[in-house]
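Model the full structure from these sequences, guided by the hints.
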Amino acid sequence: MKKLLAFVLAAVMALSVCLTASAELAGTYDITIWVAENAVALTEKQVQDFNATNTDGIVFNATIEAVSEADAATQMITDVEAGGDIFCFAQDQFARLVQANALAKLGTKAAETVTANNDPATVAASTSGDVLYAYPLTADNGYFMYYDKSVIPEEDVDSMEKLIADCEAAQKYFAFEQQTSAWYLASFFFATGCKSEWKTDDEGNFISVNDTFNSPAGLIAVKGMKKLVSSPFHLSSGSVNEFNSGAAIVVSGTWDYTAAKEILGDNLGVTDLPSFEVDGKEYHLGSFSGCKLMGVKPQVDAVKAAALHKLAQYLTGEKAQMERFEELAWGPSNLADQASEAVQANPGLAALIAQSPYAVPQGQIHGSWWDIAKVIGEDVKNATDDAGLQAALDNYYDKISSLFTLDTSALLFVGAWNNWNNADDTDTYYLKDGSVTLDVPQSDYMGGRIVNPGSWDTDKGFQQVTEGKELIQDLGEDIGDNNIVFLAPGNYTVTWDGTAITIAAN
Amino acid sequence: MSEATAKRHMGLRASRTVSNTLIHVLLIVISIIWLIPFVCIVLQSFRVENTGPVGYIIPHQWGTGNYTRLFQTDFPRWYTNTFIAALATAALQTVIVLCMSYTLSRFRFKMRQPLMRFMLILGMFPGMLSMIILYRVLKDLGLTQANAVPGLILVYVASSGMGYYVSKGFFDTIPMSLDEAARVDGATRAKILYKIILPLSKPIVIYTILTAFMGPWGDYVFARYIAFGTSAGKNVAVGLYDWLNKDQISNCYTMFCAGGVLVALPVTILFLFLQKYYVEGVTGGAVKG
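Quick mapping for you: the protein sequence lines, in order, are chains A and B. Residue 318 is where the first sequence starts when you use our numbering, and the numbers rise one by one after that. Residue 2 is where the second sequence starts when you use our numbering, and the numbers rise one by one after that.
These are calculated hints, taken from the structure and not from any lab test. No false leads were mixed into what you were given.
Straight line, CA to CA, 30 Å or less: simulated DSS-like cross-link-like pairs of lysine-lysine:
#1 A:598 x A:544
#2 B:247 x A:466
#3 B:247 x A:362
#4 B:247 x A:636
#5 A:512 x B:247
#6 A:512 x A:598
Per the computed footprint, the stretches of chain B lying under chain A, defined by three or more beta-carbons under 8 Å from a beta-carbon of chain A, are:
#7 52–64
#8 140–152
#9 221–230
Glycine included, C-beta positions come from ideal geometry on N, C-alpha and C.
Below, the structure is given as structure tokens:
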């Protein structure tokens with residue numbers, strides 16, 4: 318039922334894209350928009366502006382609800398039908414929303430405009446496979462360093478070792494959330510060039526990961542981390558309120574700027590992250606750079622959908638983003654806005670820009686990664702020697718690889734011949750740019766399916782078989798997706814070259 | 002009294018003093034631990050120099066700013082929602098539970114035992130299991146999101162008949178001969194309930210009202226699910242919790258504490274006044290099940 322609904326909605330969406338150019342959009346629409354609490358008033362005004370200025374005769378009766386961007390996906394997935402027509406969310410929820418069919422694809426023209434006018438990293442964050450699903454709203458979700466100028470001399474801010482020494486001398490804390498947040502602790506790994514890159518397909522499913530945290534470079538990173546977390550004046554926190562309770566340095570983001578300014582006043586220093594030294598070599602701390610996105614919910618009414626896309630485009634356009642920067646200090650993703658003097662002069666955004674050469678755009682990351690990776694912080698703190706540090710990385714790697722298949726370009730041919738075991742430990746029937754030989758015993762059901770290891774969903778089935786189709790039968794969707802049944806028992810060789818499957822009888 | 006017995010008496014008294022002191026010290030320590038979170042919340046709600054979470058307890062500047070700010074948000078609406086839901090549930094559920102208990106305690110009808118057993122088994126399934134299907138039903142009735150309050154009342158009251166155990170136990174302790182005497186004098190079954198049984202079971206009635214009121218008052222899971230995405234349908238628990246989101250906490254934390262205090266207030270007052278009955282109710286019903 319859900320699939321059918323998704324299909325209908327998708328079809329309607331596709332139709333709406335075709336109709337956009339020709340359909341008459343004039344009319345009054347009742348819609349719901351979900352934005353962050355502090356943006357409610359501004360969004361109300363912006364919708365009014367849109368109503369007054371658009372040339373299509375569109376009038377929106379918008380109900381603006383305050384729904385936290387950190388929580389939008391959970392709320393949306395509760396019941397997509399009843400969710401907001403336009404909603405804002407932090408990019409980490411993107412894949413979940415695409416999978417839930419809660420995001421409508423952008424039309425070709427809209428996609429072109431968005432791609433041309435926005436920061437490429439934010440466009441990448443709105444893309445799954447090759448399809449653009451959302452409108453970039455901000456590009457300020459990164460972190461940098463706030464410090465107390467009365468404690469930290471300005472010449473020391475580039476060296477983590479000096480900063481730690483300053484804090485210890487002044488009995489003040491260095492707050493950098495290492496024990497409880499993968500988002501912050503990735504900083505050390507990015508410094509030494511490690512990466513954790515995930516790939517998604519057009520439907521938002523994760524298909525592969527390239528993760529190098531467990532490597533010689535990763536060991537250097539945890540050695541650097543160890544320096545910080547073993548200091549008695551390290552505090553695992555990412556809130557500038559720590560300035561109230563004895564911190565001299567806090568690593569946090571633009572959202573904390575006003576609060577930090579209020580606490581420290583003229584003593585507030587803002588700059589990019591420092592470097593740390595391991596074995597005589599300097600590494601500049603990296604960071605995640607992320608963004609917030611605005612999405613349009615798939616609609617049954619094609620005309621309304623087209624009108625909504627117009628509104629979303631307006632709400633994420635140059636003017637609206639500038640207004641948001643001026644009123645809420647949200648860093649724009651729009652390239653023209655980014656280049657404007659006012660944005661360049663904002664201290665928080667300036668620090669973010671100074672940090673940006675070392676920042677890694679936060680692409681699509683699997684939801685479980687955050688919980689797996691954050692354990693490294695505690696493990697590193699408890700480690701007593703290099704072996705302990707390596708163990709922390711091994712532990713991380715084991716968890717990643719036991720949950721996900723690190724190389725999902727491989728395929729697994731599962732069936733009666735391997736007891737339907739689709740874990741990647743069954744090397745025997747593991748196809749990776751090569752071939753396997755299998756005995757298909759005589760039985761009532763000599764079937765199986767070709768899947769990515771660890772998953773039953775993303776089949777590579779009958780369609781991929783280029784040679785040997787006559788040996789098998791496609792059961793189609795009646796029995797799951799593309800089940801394959803061998804017509805006769807025997808010994809077969811199955812070859813996979815990355816795109817096509819060949820089956821031969823021996 | 003010989004010297005030896007006197008000594009032994011002294012020793013006994015001394016040891017009793019020692020053990021009493023120890024017990025009291027322990028109780029004081031436990032109550033301090035128990036009270037610290039509440040004291041913290043009350044203190045934080047009066048902190049005005051900073052609206053985010055901080056690392057100290059005693060505010061540097063005191064004021065009622067958080068409470069006045071609270072009333073500029075949707076909080077009054079949430080409070081009203083919660084209050085209406087709790088009040089309606091308390092009234093309806095009490096009536097249903099008491100009627101149910103009275104029936105099961107006094108009437109002897111076919112299927113009485115199987116019915117009770119059936120409800121016992123039904124009660125073992127956690128209510129959360131039905132959440133999604135309930136949501137669909139309520140949505141079709143138009144009782145979600147902005148109209149969540151009637152929907153929630155429906156959910157809270159729907160299964161209340163099954164919570165008859167304690168009050169039925171209490172009714173069972175009231176002698177049947179009272180009923181019979183009343184019947185002889187010409188009282189109807191209903192008259193017996195409200196003229197004889199209810200006046201004799203004041204503690205259990207109050208206990209039923211209190212528990213019925215407390216359920217909706219603190220509910221989060223159902224309320225969040227049914228009122229999702231709309232401020233107008235939230236109850237206090239959901240509304241306040243949303244203020245703890247990462248993008249709001251530094252602005253709303255002290256307001257959250259102030260809201261917490263206001264939520265706790267009516268319940269605390271209610272319990273202070275009705276505590277006597279509450280304890281009687283809980284233990285009274287347990288005497289004979």
